[in-house]
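Given chain B's structure and the hints, the job is docking chain S onto it.
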Amino acid sequence: MNHQRILAVAKREWREIYRDRLFLSLAFVFPITMMLAFAYGLSLDVEDIPIAVLDQDRSELSREYIHRFTDSRYFNFLGYLNHPDEIDELLTTQRIRAAIVIPDHFQSNLQEGRPAPVQHLLDGTFTTRARTTKGYMIAITRAFEKDVVIDFLSQRLGVSPQQVTEQLAPIKVQVRYLYNQAVESSQSLPPRLIVLVLLVASPFLTVVGIVREKENGSIYNMYASNTSREEYLIGKLMPYASIAAINALLLWAIAVWVFQAPFKGSAVLFISATLLYVLCTTVIGLVISVFVRTQVAGVLITAILTIVGGMLYSGVLTPVSMLSEDNQLVCHLLPAMYYTEIVDGVFLRNVGLTVLWPNLLVLAAYTVLLLIVGYAKFTKRPKT
Amino acid sequence: MTFHLWLHRLRVMTRKELLHLGRDTALLLFIIYGFTIDVYMAGAGFPFELRNAPFVLLDNDRSEFSRELAGNFQPPLFQLVADVTVPEMSQNLLDRGKALAELEIPPDFYESLRTGRQTEVRMNISATDNVPALLFTSYAEQIISNYGFETVGMHHSGLSESGITTLPVVDDQLRIWFNANLEDSWFMALVELFTIISILSIMLPAAAFVREKEKGTIEQLRVSPLSPVLIIVPKILSMTMVIIGGTFVSIFFVIQPLFDMPLSGNMPLFFLVTAFYVFSTAGIGIAAASIVRTQGQVAMLVILLIMPMLLLSGSWTPPEAMPDIIRICIIALPLYHYFEAGLGIIFRDAGLGQIWPSVLGLSIIGALAFQFGLWRVQR
Chain B
1 MNHQRILAVA KREWREIYRD RLFLSLAFVF PITMMLAFAY GLSLDVEDIP
51 IAVLDQDRSE LSREYIHRFT DSRYFNFLGY LNHPDEIDEL LTTQRIRAAI
101 VIPDHFQSNL QEGRPAPVQH LLDGTFTTRA RTTKGYMIAI TRAFEKDVVI
151 DFLSQRLGVS PQQVTEQLAP IKVQVRYLYN QAVESSQSLP PRLIVLVLLV
201 ASPFLTVVGI VREKENGSIY NMYASNTSRE EYLIGKLMPY ASIAAINALL
251 LWAIAVWVFQ APFKGSAVLF ISATLLYVLC TTVIGLVISV FVRTQVAGVL
301 ITAILTIVGG MLYSGVLTPV SMLSEDNQLV CHLLPAMYYT EIVDGVFLRN
351 VGLTVLWPNL LVLAAYTVLL LIVGYAKFTK RPKT
Chain S
385 MTFHLWLHRL RVMTRKELLH LGRDTALLLF IIYGFTIDVY MAGAGFPFEL
435 RNAPFVLLDN DRSEFSRELA GNFQPPLFQL VADVTVPEMS QNLLDRGKAL
485 AELEIPPDFY ESLRTGRQTE VRMNISATDN VPALLFTSYA EQIISNYGFE
535 TVGMHHSGLS ESGITTLPVV DDQLRIWFNA NLEDSWFMAL VELFTIISIL
585 SIMLPAAAFV REKEKGTIEQ LRVSPLSPVL IIVPKILSMT MVIIGGTFVS
635 IFFVIQPLFD MPLSGNMPLF FLVTAFYVFS TAGIGIAAAS IVRTQGQVAM
685 LVILLIMPML LLSGSWTPPE AMPDIIRICI IALPLYHYFE AGLGIIFRDA
735 GLGQIWPSVL GLSIIGALAF QFGLWRVQR
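Here the protein sequences line up with chains B and S, keeping their order. First residue of the first sequence: 1, per the numbering used here; consecutive thereafter. First residue of the second sequence: 385, per the numbering used here; consecutive thereafter.
Bound-form chain B, shown alone (with noise of 0.2 Å):
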């Protein structure tokens, strides 16, 4: 290997992008507004979910009742119906996601002792959310019922509510969260979506500039010159891994600074990983082009299979955990998710090498892996 000539490949690409001032400049700004806009608008808690209420009853009890979602983060009040059509139509439209039908006597039933119906209305359109609201209104109907039913036995038995609270309900649960107390994504998703842009970001770079030439020709200058392949490649993989380095700098800034991500981890340790990171990244760019002919192909496969990979199989918006068994392998032969535990280990957990390490050995085995591919079907000699 000559280092010169991996320069003089390396400065030739660096002198065309930079020429291009287009291309450079959105190959900045394409990964600063994906962060901002995501990182904003982007949100995986279910929270201020829009309800209505048809109140039949209109009892001091049902308003209470009611009370419980209005008071909760969870639900977004939006107010009492008249008339059962109106929760068809609002529901069709997607203005509510959940209703609420308080029928007759409900205030009666519970007072004589009685089973009281209602009937709970949810939207099912978004599965994950819809399970989730599902849960928040069971666990609210649940908390109101167990305070009814001890008033209704203390007043029976004639014992304190107290009693009758250690009597029905003898084991209370004290939940603690660990990582992130507050339980919102809004902590844990501007450092994950580091992970996500890098992914889409970085290999577009190194397609482009290598099926460019394929698709120019201009290709056959290195075919016929006495560059390796070996040098040629990485002096092309050189000026898009570093500005692929700096977006990812940037990225860390906006996330800590912007949005203010809890750093707790050792720099060191994520410095590293995200270089191995970005590399892999780059380096699937550079697989995906000796694999195809034309821009448009390259282009466009590198689309679908990092878009896809980074939204349904590194597990920013999906947890690993909860994917099927089949998927979860999936995601266990791409490289983002384990970058994505690093990423929550230097974050989130505050913990370290002795954790993350085989996190880390994966990375560089998949770009030490991918680069020895794109090596070997990297040829000077085309078919065609």
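By construction, these hints were calculated from the structure, which means they are not laboratory data. Hints may contain errors.
Stated by the list, open to error - To give an idea of the chain B side of the interface with chain S (calculated C-beta under 8 Å), a few residues:
id	residue
1	Q119
2	Q167
3	V290
4	T294
What the hints assert, rightly or not - In silico lysine-lysine, DSSO-like type, Cα no more than 27 Å apart, as pairs:
id	chain 1	residue 1	chain 2	residue 2
5	B	K380	B	K214
6	B	K214	S	K599
7	B	K214	S	K400
8	B	K377	B	K11
9	S	K400	S	K599
10	B	K146	B	K134
11	B	K380	B	K11
12	S	K599	B	K11
13	B	K377	B	K214
14	B	K214	S	K597
15	B	K214	B	K172
16	S	K597	S	K400
17	B	K146	B	K172
18	B	K214	B	K11
19	S	K482	B	K264
20	S	K599	B	K380
All C-beta atoms, glycine included, are put in the ideal place defined by N, C-alpha and C.
Relative to chain B, chain S alone:
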């Protein structure tokens, strides 16, 4: 120019585009992959439920009751990964992400329950992912409170002797609309299909257009007797045909048979809206392509347009959960309208009467983008 001639030219140019696409094997294979395997995997692999949630048990009591309670945490929801004796060990497992939660049972658990005193179970839950954390909490609380009530509370409260036969419970009947069994596969497969449609419809025409610019073959078209419309429309038309074909295969040969999705909605209307969406999105692609010179530039520009569209159009966060500014901005995203209309037709049996605002939105976006592209080509 006669209409017949115009039609002939349109046909020839569309055929040219289709041939171009058909000869790019790698591209073709990927389009097929996107509409079939990729959609299938998204539908099959994302049932968002707690599954074998790993938890650590720190049982300080080691009694009959504590074992019984822990025994209620069973697969498929829960999975005991370790039965530890010191908190450091469970902390370690939580830190390493090997466990989602720790269940800590106090030393006087048995004694308290036996003598009718209240006791407290502690849970430490890792909340790096909030959905599993909250689901774990809600399932675990249900299990613990049921255990407390049925196994212990019932025997001590004196209910059986008091002659009380019914309790004032709230009998909440749940009715879920539009997807009664909460089949994640329907939603996820459709969202994935919409993603593939979007990526293809913005990228294919844009790339095809810039390629002609970069190679200079657009000059050939400019001097030919083709109007700007006849240069742009065939590119969009050919890709629309491919995408509609792919969507058809995806819905009728993948999603419907493999996930048993009932297609009760007006499917011709769905395909019409899809064609409309592809046309508008392709218009945006062409508009982007008309202001750049190279394929590298168009790739970056298009990806800049597509990513917010995919993530902010409502598939990951519904509009009502977004900040107001973003909620206003997303009206400019065609996928937002397609999402409303497409899911409306399939899930809510909506007709043109309900989805017309979305169709109007799509038309305005498409018309603006198209006009811009035409104006740039004419120059």
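Results of checking the hints against the structure:
At a threshold of 8 Å, the smallest CB-CB gap from B/Q119 to chain S is about 5 Å, leaving the interface hint in force. Given the 8 Å rule on beta carbons, the hint for B/Q167 holds: about 4 Å separates it from the nearest Cβ of chain S. Checking B/V290 against chain S by beta carbon gives a least distance of about 11 Å; that is not within 8 Å, so the hint is violated. For B/T294, the suggested interface contact is upheld, since its CB lies about 6 Å from the closest CB of chain S, less than 8 Å.
At roughly 11 Å between alpha-carbon atoms, B/K380 and B/K214 fall within 27 Å of each other, so this suggested pair holds. For the proposed pair B/K214 and S/K599, the alpha carbon gap of about 13 Å is at most 27 Å, so the pair holds. Of the pairs offered as hints, the one joining B/K214 and S/K400 holds, with about 23 Å between alpha carbons and a cut-off of 27 Å not exceeded. A distance of roughly 24 Å separates the Cα atoms of B/K377 and B/K11; the hinted pair therefore holds under the 27 Å criterion.
Only pairs whose Cα atoms come within 27 Å are accepted, and S/K400 paired with S/K599 is accepted, the gap being roughly 16 Å. With a C-alpha separation of about 18 Å, the suggested pair B/K146 and B/K134 falls inside the 27 Å cut-off, and the hint holds. Distance restraint check for B/K380 and B/K11: the Cα-Cα separation of roughly 21 Å lies within the 27 Å cut-off, and the hinted pair is therefore satisfied. With a CA separation close to 25 Å, the supplied pair S/K599 and B/K11 stays within the 27 Å bound.
For the suggested pair B/K377 and B/K214, the alpha carbons sit about 14 Å apart, so the restraint of at most 27 Å is met. This hinted pair checks out: B/K214 and S/K597 have alpha carbons roughly 17 Å apart, not beyond 27 Å. As the CA atoms of B/K214 and B/K172 are separated by approximately 68 Å, the hinted pair breaks the 27 Å bound. As the CA atoms of S/K597 and S/K400 are separated by approximately 16 Å, the hinted pair is consistent with the 27 Å bound.
Restraint check for B/K146 and B/K172: the C-alpha separation of about 13 Å stays at or below 27 Å, so the hint holds. Note on B/K214 and B/K11: the hinted pairing holds, with a Cα-Cα distance of about 19 Å set against a maximum of 27 Å. Between S/K482 and B/K264, the direct Cα distance comes to roughly 20 Å. Compliance with the 27 Å bound is thereby established for this hinted pair. Distance hint between S/K599 and B/K380 is fulfilled; the C-alpha atoms sit about 23 Å from each other, no more than 27 Å.
This entry does not satisfy hints 3, 15, going by the numbered hints stated previously.
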